[in-house]
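Novice: If you read the sequences in order, they're chains A and B.
No gaps in the numbering here: position 13 of the first sequence is 12 in numbering that gives the first Met the number 0, and each next residue is one more.
No gaps in the numbering here: position 92 of the second sequence is 91 in numbering that gives the first Met the number 0, and each next residue is one more.
Treat each hint with caution, since some may be false.
Said to hold, decoys possible - Footprint (simulated), chain B over chain A, 3 or more residues, beta carbon under 8 Å:
#1 170-183
#2 208-215
#3 283-292
No wet-lab data here; the hints were simulated from the structure.
Just so it is clear, the structure is predicted and the values come from calculations on it, not from any experiment.
Glycine residues also receive a C-beta, built at the ideal position from the N, C-alpha and C atoms.
Protein chains: 2
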Amino acid sequence: MTVLVVGSVALDSVETPFGKADDVLGGSGTFFSSSASHFVPVQLVGVVGSDYPMDKLAPLAARGVDMAGLEHAEGESFRWRGRYRHDLNSAETLETRLGVFSHFKPKIPAQFRNAPFVFLANIDQRLQLEVLQQVERPKLVACDTMNFWIESRRTDLLTLLGKVDLITLNDGEARQLTEHANLVKAARWILDRGPTHVIIKKGEHGAFMFTRESIFFAPAYPLEDIFDPTGAGDSFAGGFIGYLARTGDLSEANLRRAVVYGSAMGSFAVEGFSTTRLLEIGREDIERRVQAFARLVAFDAANLA
Amino acid sequence: MTVLVVGSVALDSVETPFGKADDVLGGSGTFFSSSASHFVPVQLVGVVGSDYPMDKLAPLAARGVDMAGLEHAEGESFRWRGRYRHDLNSAETLETRLGVFSHFKPKIPAQFRNAPFVFLANIDQRLQLEVLQQVERPKLVACDTMNFWIESRRTDLLTLLGKVDLITLNDGEARQLTEHANLVKAARWILDRGPTHVIIKKGEHGAFMFTRESIFFAPAYPLEDIFDPTGAGDSFAGGFIGYLARTGDLSEANLRRAVVYGSAMGSFAVEGFSTTRLLEIGREDIERRVQAFARLVAFDAANLA
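Same shape as in the complex, but just chain A (with noise of 0.2 Å):
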């Protein structure tokens, strides 16, 4: 099945300690396209200014990625600047410049309408909004946020709460929405405003999928050497939707191995700066890191003493 998102597409220059990249792939809708498409045909929407140099995406079209929805618009492109310190932690933003993507109105191409799998990446709440009602009641819809989209558009976020099956927060915008510090009573707030599933991703710490029901937890893969983190999320949400759409199974089973295929795409991402890593990978790739997922994580409950 197929995967429609909105989301950013973007020109990264990305330092880290281990060197840096100027004008790279970057942006939301670009990072969630190179997962997702290790597992189903993506469609993707977005803005791109006429300096965009477009072979740079020829990789995702090659990969399936159906690029009819994305609008080409006179002016610059959306460009990100930042850098991360020697812990990788977070990410010091040094220049946001949104060019045409300040203006961008998604438009959903008629050939999309009816994608049965939706992810709205980090973009403007009320934008959000605006494709759900472009769209034809899709089997799942779920939606990203952020610090600043929490502070300015709270109202039109909780609209969206109720319209979504699943959001994707990281820990601090899950305290920043909910307000409060604790992750499960955070996820049982959002819980209470209408979508089944929560995921929290906590980066390095890994991420939580909440339910009414349950909780799952999946870590992030450890790997020994992490080299630009910049992405994860949003192939962590790639991977997650893009399994899910293959194997069309929404069993609470299934969401948790696509929690673990979220894992995966994400610590694919962080291998390599931009999308270098995602686009270069296979699907033997990916089983091998699920499967080393299952025994980072395996222990025989069914035998204690």
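Following the hints, put chain B in place on chain A, whose structure we already have.
Specialist: Using the frame of chain A, we list chain B on its own:
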């Protein structure tokens, strides 16, 4: 099988956002014993001052903690006063009065010297080395340490690493000791210096167990109400070593289960001030928590698409 622990027996005064407690049971030896005594008989070696309210230790004695190695010295008992802020992540030490603990020289009673399992809780590394000279080839020796000793007793700690089977330390301490920010690299650095197992505790983010061949991860149990984080690490160690001693099985599979028991005991410790919860729970509570752990991380990796 019996566990011998050498550690501090203190009086803690703790303030958290949820209340305060004055002069309650504290110290690494106390938390470890309270936890491990759910699994096996425990032999406690430590020191208290002439002011110590011995009746407070009666519940431990009732649980099978042998106090024959608890020295009674002239002077003040070890007192720690600390505070936790809203996020409960790290203790702010307001006062440490070592008292009789500053002159502590552990003397292992003759009847304790053949203990098969030995835990060297967080005391001066030189004292930990002295303990090892007094015991007779235990089946497993584990030690703990902290930032203070890593800085002031580095040489002794390195000597100790060559003599223990396992070390538990938290992520910050592992980074401080090894000068590797990456925990996989930090663990390898430590494994190269002697221990066959390294447990790196990440507090609310769970714990890793590293061997040369494998990595195991167990999350911290996601509690809704964390009352007082004091002693979580020593309670973890008590559950871990206690379970190993009870089963007498040092296979990888059993060590993984032991980590889960350790996590369970750590999660009980933080549910109340001091050792309150550790001393009121029973085997059934522990088994239920361990089963909840199993559900928390369970996913079916055998049946991937």
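Novice: All the hints need checking, so say for each whether the structure fits it.
Specialist: Now for the hints, and whether the structure bears them out:
Here's how the segment 170-183 of chain A fares: 4 of its residues keep a CB closer than 8 Å to some CB of chain B, so the rule of at least three is met and the hint holds. With a threshold of 8 Å between beta carbons, the proposed coverage of the segment 208-215 of chain A by chain B holds, since 3 of its residues qualify and at least three are required. With 4 residues carrying a beta carbon less than 8 Å from a beta carbon of chain B, the segment 283-292 of chain A meets the three-residue requirement, and the given coverage holds.
The structure shown violates none of the earlier numbered hints.
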